[in-house]
Every structure is written in structure tokens, then in C-alpha cells.
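Colleague: Take the given structure of chain A and dock chain B to it, following the hints.
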Amino acid sequence: MDATTLPLPIIKLEQLGDPTAAACEGDFCAIPEHHQQAVVNRKLDEDAV
Amino acid sequence: MSEPIKVDIWSDVQCPWCYIGKRKFEAGAAEFGGDVEIEYHSFELAPDTPVDFDGTPMDYLAERKGIAPAQAQEMLARVTGIAKSVGLDYDYDHVHQTNTVISHELIHFAKSKGRQIEMKERLLKAYFVNGEHVGRIPDLVEIAVELGYDRDEVTEVLESHRFLADVKADVALAQEYGIQGVPFFVIDGKYGVSGAQEAATFANVLAQVQSEREAV
Chain A
34 MDATTLPLPI
44 IKLEQLGDPT
54 AAACEGDFCA
64 IPEHHQQAVV
74 NRKLDEDAV
Chain B
187 MSEPIKVDIW
197 SDVQCPWCYI
207 GKRKFEAGAA
217 EFGGDVEIEY
227 HSFELAPDTP
237 VDFDGTPMDY
247 LAERKGIAPA
257 QAQEMLARVT
267 GIAKSVGLDY
277 DYDHVHQTNT
287 VISHELIHFA
297 KSKGRQIEMK
307 ERLLKAYFVN
317 GEHVGRIPDL
327 VEIAVELGYD
337 RDEVTEVLES
347 HRFLADVKAD
357 VALAQEYGIQ
367 GVPFFVIDGK
377 YGVSGAQEAA
387 TFANVLAQVQ
397 SEREAV
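Line order of the protein sequences matches chains A and B.
The opening position of the first sequence corresponds to residue 34 in our numbering, with each subsequent residue numbered one higher.
The opening position of the second sequence corresponds to residue 187 in our numbering, with each subsequent residue numbered one higher.
Hints listed in this document are in silico derivations from the structure and should not be mistaken for laboratory results.
Computed from a predicted structure; not experimentally measured.
In this text, a Cβ means the ideal position worked out from N, Cα and C, and glycines have one as well.
Errors might be hidden in some of the hints.
Unchecked claim - A few chain B residues that don't get close to chain A, going by computed Cβ distances all over 10 Å: (1) 192; (2) 224; (3) 278; (4) 311; (5) 318; (6) 322; (7) 341.
Unchecked claim - No farther apart than 30 Å at their CA atoms in a straight line, the calculated lysine-lysine pairs in the BS3-like style are these: (8) B:251 - B:354; (9) B:311 - B:270; (10) A:45 - B:376; (11) B:354 - A:45; (12) B:192 - A:45; (13) B:297 - B:354; (14) B:299 - B:376; (15) B:299 - B:354; (16) A:45 - B:297.
Extracted from the complex, chain A is given alone in its bound form (with noise of 0.2 Å):
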């Protein structure tokens, strides 16, 4: 295996947050249940001001 073809170093990260944050990966975009619910509940919360 040549340095061209070589897999890149990982860089180690910490990760933070909630790891089922809505996110795109290839050409699809996830849309987590709890966004979903998010929405319902804001459209629960607009009909009853």
C-alpha cells in the first residue's frame, strides 16, 4: 500500500450531545421520531393559544 492509498489517521473527538440529533449522511437526512413528536406538540401548543 502506497501513501496515496493509505486510509487517513481518525482524529479522536469527544463527542458531545444527544447522539440522535436529526443529521444528513449521504444523500439522506434522517428525521428523528422525537422531531417528529417536536413538531406535533408545537402544532398542539399553536391551536391552543
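Modeller: Okay, now just chain B, sitting in the frame of chain A:
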């Protein structure tokens, strides 16, 4: 006076969570209240997408994921609702699905002028809110000119792809960090925060970094 906390953000122009995450991070940074220095980095979610993709985002999603158009439409509607909750009016009926590499080149050009964040915001708005095309050079030049850049200079920069190497360097650095999805926030070079977190999460992480610095 202490150094600002450096936040490196990997993001793509056509990533709905990146714009939502940007708003949430901004709210979190405001809640934190300390000095924060932000630098955006390029990430291409779908580098194989043609500049003139023949179809809507719904078509794209349905085609790529092998799902029914109605299901894709429902997913986009949900994202639109979440964007609305942070004050962003996504208009998927007029979004132009495209290849974003040249828009990243434009962001790097703006960075060379000390105006990166302004351009990043303008391109996200162009794509998600204004229905502007962010893959073609003439369209990107118009956006840059609107922001006060010199038409000839921007045209030359984009046509020569002078900043393409910088885009690819950002993508390579993302690989080194093991970043698979965006938005991704690297805070002070040691903490990784993935996705469109709540504003309070960002505020807490920034406060943690600040307190660690003060403890040294």
C-alpha cells in the same frame, strides 16, 4: 481577555439539517454569551448529483431511497415544519436539486475575503428559501454580485476552480475526524457534536469548554 472558542462546522449547502442546525447553534452561542469564532468547512453529501438534476427534491429523494413519491413528499413536509419552528421558510416546491461543489468554492472565496459566514447564510437561503440555483456559475455570480463582490473576479474564480482544492481539503479533513454526517461541529478541536442539536446543548458544550479553560 481569553481567546474565543473555535468552532469548526462541516456543512453542505443543500442539507436541511445544516440550516436548521445553524439557527440552533446561533441561538446556543447567544445563550452562552462568550466569544466564539466560527469557521465553516465544506462537505458534499451527494457529489455525484448532476448540476442540472432533472427533477424535484421529491423526485430525487424517491429515486435515491426507492420510496414512493408520496412518502418523500411527507418527509419533506416534516422537515419544512421543523424549519418553520426555527424561523426558516423552506420552499421545497421551488428548490433546485443540484451539485453543490461550486457553491462551496464560492464560500471559500468569500472566506478569503473575510466574509465566509455571510456567504454561507446567503447560499443556504438561496437554496431552501429563495428557490435560487446554487450549482451553476452564472447563478452563483449573481448572488455574489448582489453581496457586493466584483462580477469579473467572481466569474474568474469560479470558472478557474481556484478554490476546488480547498473544498477537497475540507472533505479530507472531515474523513480524518471520522465525520459521516452533517452538520458536524468540532469545538475547540477536541469535542465533536453531531447534528442539529437543541440550542441549550450547544450552550452547555460551549460553557463546558469555557470552564475547562478557566480551570487550567
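Colleague: All hints, please: hold or fail.
Modeller: Status of each hint after checking the structure:
no. : hint          : result
1   : 192           : 13 Å, holds
2   : 224           : 17 Å, holds
3   : 278           : 12 Å, holds
4   : 311           : 18 Å, holds
5   : 318           : 20 Å, holds
6   : 322           : 20 Å, holds
7   : 341           : 30 Å, holds
8   : B:251 - B:354 : 26 Å, holds
9   : B:311 - B:270 : 13 Å, holds
10  : A:45 - B:376  : 7 Å, holds
11  : B:354 - A:45  : 21 Å, holds
12  : B:192 - A:45  : 17 Å, holds
13  : B:297 - B:354 : 15 Å, holds
14  : B:299 - B:376 : 27 Å, holds
15  : B:299 - B:354 : 19 Å, holds
16  : A:45 - B:297  : 27 Å, holds
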